[in-house]
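**Q** Order-wise, the sequence lines are chains A and B. Residues in the first sequence are numbered from 2 upward in steps of one, following my numbering. Residues in the second sequence are numbered from 9 upward in steps of one, following my numbering.
You may find that some hints are simply not true.
Said to hold, decoys possible - Calculated lysine-lysine pairs in the DSBU-like style (CA-CA distance at most 30 Å, straight line): (1) A/K220 / B/K101; (2) A/K270 / B/K101; (3) A/K220 / A/K270; (4) B/K101 / A/K214; (5) A/K270 / A/K214.
Said to hold, decoys possible - Okay, the calculated bits of chain A under chain B, using three or more residues with CB under 8 Å as the criterion: (6) 146–152; (7) 220–233; (8) 264–278.
Rather than coming from a laboratory, the hints here were simulated on the basis of the structure. C-beta atoms are modelled at their ideal positions from N, C-alpha and C, and glycine is treated no differently.
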Amino acid sequence: MTRVGIPRALTFFEYEALWRTFFTVLGAEVVVSPPPTDATLAALTGHATADLCFPVKVFCGHLLALRDEADLVFVPALRRMEQNASHCAKLAGLPDLARVILGADVPLLSVDVDLAEGWQGLARAVLTAAGPFTRHPVRISEASDAAWQVYQETLARLAGRRRAEPIKNDALRVAVLGHPYNLADPYLNHRLVERLERLGVQVLTAADASADKMQAGVKRLTGEPYWAYADHLVGAAGYFLDHDRADGLILVVAFGCAPDSGMVEVVTKAARAAERPVLTLVLDEHAGEAGTITRIEAFVDMLERRRGRGRR
Amino acid sequence: MSMRVALPHLGTLYLPAGAYLRALGVEVIVPPFSSRRTLDLGVTNCPEMVCAPCKILFGNYVEAMEAGVDHLIMFGGPDTCRLGYSVAAQVEKLQEMGYDLVAHPFSLRNVAGDILRLTRGLADLSPTALLAALRFFRDVLVLTDQVEQEALILRPREAERGLASRLRRGALAQIAALPDRGTLDARRVEILAPLLNASRRRDRPVFHVGLVGDPYTISEPFFNLNLEAKLGYLGAEVNRWFWLSDSLRIDPLRFLPGNPAAKARERTVAPYLGRDVGGFAQSSLVQAVAFARQGYDGLIHVAPFNCTPEIVAASVMPQLSRDHGIPVLTLTFDEHSGDAGLNTRLEAFVDLLERRAMRRQGQASGLPAHYPSLSLPLGRRKGAGR
């Protein structure tokens, strides 16, 4: 059985269910790289360009971890998931980065996804992804249908959890916003959500705002989306600020992130207009945990003091 | 209502763009050349994480507004470049600073289409007048690039240091004063002659270095700390991958069915960058491979710090360097760049080229060479291997 390796990083956190089902139905064994440690990153020394951002470096570390575990490493190149909203160049060029990291001897399964090209773009992506396993159209469509269904179920489960959790009235509510991979990987963000919850804060994330509410938020703050994660950052911020649902915002961004360089500014401006404090946590591979903890605690203290003054 | 138009600085773009806009009957203001003050204006007013080119451009906009402009041409790259997202914020910031302006965004990826869109926004001309203006623009652009190219060729060979830069400045000043296309035709030779006829020394080796990477960093000497001149003084003849006049040249192969020209370009870079990742990363790499195949001695890859598309290009550069046996130096620039560090690295790079050339020559003749001969014939920039 062919072992397909999937790095546990970047868009994996959004599409895990989709990819896993797709490859399993096609008869492959799916191997996901283990959660990262400092050793994951240390192994990269000498392999990656210094200027790559932290999440992409971690991705490259996962690639190295898969080198001997998989026959084929799955590396998608995501360009546009909707008209005009691009992922950054690193996500679009991921297979080219992966080839540099892995060298020529590990075969890559790279798939270009550009949904702005419409159904042809999607069909081409599905055919490429299935290429190493089968060319039979019926088997491919079975796999893609199953994958799509599981993916939709995951999304529905997320939405269900959103409705199920009541909003506690007395707790401070802090919206933690950022690219999904920055939030989903506790190694990247120093277990931010867990730490906030331990401080008694109710954490809101983009999962607490529905897709159309986030899109409305983007429309209101910047018009058309330009970057792929505009809804998760600008959109969710617009929603939480507009409906007075959050006492403060924490923006989690990677150092040097091109999309966030502009979007953080948009959100900060909107928050200032709505008189809500913002903490921008910049992630990089040098960050000590202690600095992050101090800043989170100071931010929560400040929110509590504001509330004490009756300026919720 | 008279309109006063300005555009930000991108090397010598102010010459052809100014000529074109004047031919359209628009009053053009050339903002002060980028300086420390320009950068400071940008650094003070832009978000921390936007790239240094965004900040310098914003400084250009402010200085243009101070000069009393009401229409502003603004650069924004589409796709995965952060410049495109910044334009709206920059307009907003200028308005916050109390300036009243009409913004004309201009993306550098589709030059021809943008020029037409810009023209429709600024002037209402008869087709013949428009065609005449476009021709003037093209001629000034080609002549300006010629002056730049001749200065790059002369600099490593100049008999006295600074001669090429002086002659270049003189030629550009003459181009700035050209009133129309007729005068340009009459004076073309006169403008180029001093650069072509300057006396050249032949007592030291000249290396051929290709400049690849981000077009803004390549074209703007204030930002790249006069990289081209520095290399020239060290004995390197520099050629850029990006000449604006090249983008006006129409490749007839483009119109054949299946676009074989594009296919061939894709094939050259497929081993390094198999997909367009936005910005100019892929086209720059196509030219990097071309430089290597033409027998250039080395490549210098430049990018603003944290430029997303160029980081991808920088990541695949080592592979390209190994495959083609060509040394590559990647330089990133930001608002903190300093002269001394750059000088050291350029000197070391040219030393390396020299050592490689000596070793190659020694092997070829069986004798140690005192210095390598010119690796390309004089005056040839593209084509012609050894």
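**Q** Would you mind marking each hint as holding or not holding in the structure?
**A** Evaluation of the provided hints:
With a C-alpha separation of about 20 Å, the suggested pairing of A/K220 with B/K101 holds against the 30 Å cut-off. Among the hinted pairs, A/K270 with B/K101 is consistent with the structure: their alpha-carbon atoms are about 11 Å apart, no more than 30 Å. For the hint linking A/K220 to A/K270, the alpha-carbon distance of about 15 Å falls within 30 Å, and the restraint holds. Restraint check: the Cα-Cα separation between B/K101 and A/K214 comes to about 27 Å, which is no more than 30 Å; the hinted pair holds.
A hinted pair counts as satisfied when its Cα atoms are at most 30 Å apart, and A/K270 with A/K214 qualifies at roughly 19 Å. A count of 0 residues in the segment 146–152 of chain A with a Cβ less than 8 Å from any Cβ of chain B is obtained; the coverage claim is therefore unmet, three being the minimum. Only residues whose beta carbon comes within less than 8 Å of a beta carbon in chain B count, and the segment 220–233 of chain A has 4; three or more means the coverage holds. Counting residues of the segment 264–278 of chain A whose CB falls under 8 Å from any CB of chain B gives 4; the rule of at least 3 is met.
Hint 6 from the earlier list is the only one contradicted by this structure; the remaining hints agree with it.
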